[in-house]
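Asks: Sequence:
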Amino acid sequence: MSIGRVVGGTLIAVAAAIMVYTIVGAINTVWGASQFDEMPITVKLFLPVIFGTLAGTLGVMAVQRVRRRSHTNNAGNSAQN
31 MSIGRVVGGT
41 LIAVAAAIMV
51 YTIVGAINTV
61 WGASQFDEMP
71 ITVKLFLPVI
81 FGTLAGTLGV
91 MAVQRVRRRS
101 HTNNAGNSAQ
111 N
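With my numbering, you'll find the sequence shown wraps up at 111, consecutive numbering, no jumps.
In short, the hints are calculated from the structure, not lab data.
Glycine residues also receive a C-beta, built at the ideal position from the N, C-alpha and C atoms.
Some clues are possibly wrong.
[As the list claims (entries may be wrong)] For lysine to any residue, the following SDA-like pairs were computed, each having C-alpha atoms within a straight-line distance of at most 20 Å: (1) Lys74 to Arg95; (2) Lys74 to Val90; (3) Lys74 to Val96; (4) Lys74 to Val37; (5) Lys74 to Arg97; (6) Lys74 to Ala45; (7) Lys74 to Arg99; (8) Lys74 to Leu84.
[Said to hold, decoys possible] Derived Cβ-Cβ restraints for the label pairs, each shown as a range: (9) Val37 to Ile80: 31 to 39 Å; (10) Pro70 to Val37: 27 to 35 Å; (11) Leu88 to Glu68: 26 to 34 Å.
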């Protein structure tokens, strides 16, 4: 397994964890059970969404780059044979 797939998979997992955190935070805010009541809503909900989206995008880009590179290498190897 290449380092790109490991990094990409890790970033996708981080993005998923951040999104779950954001959803739970939104539910707690609606129910009034949030432990971060003094925080503005932008910090509570929007920043995690931005970071989660960024991490997920970078993770997918890393995995696709590895796939593209391995596909190119496979095509080159088969052309040489």
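Asks: Evaluate each hint against the coordinates.
Replies: Status of the hints after comparison with the structure:
no., hint, in the structure
1, Lys74 to Arg95, "violated (33 Å)"
2, Lys74 to Val90, "violated (25 Å)"
3, Lys74 to Val96, "violated (34 Å)"
4, Lys74 to Val37, "violated (27 Å)"
5, Lys74 to Arg97, "violated (36 Å)"
6, Lys74 to Ala45, "holds (16 Å)"
7, Lys74 to Arg99, "violated (39 Å)"
8, Lys74 to Leu84, "holds (17 Å)"
9, Val37 to Ile80: 31 to 39 Å, "violated (20 Å)"
10, Pro70 to Val37: 27 to 35 Å, "holds (32 Å)"
11, Leu88 to Glu68: 26 to 34 Å, "holds (31 Å)"
Checked against the numbered hints given earlier, the structure breaks hints 1, 2, 3, 4, 5, 7 and 9 and satisfies all the rest.
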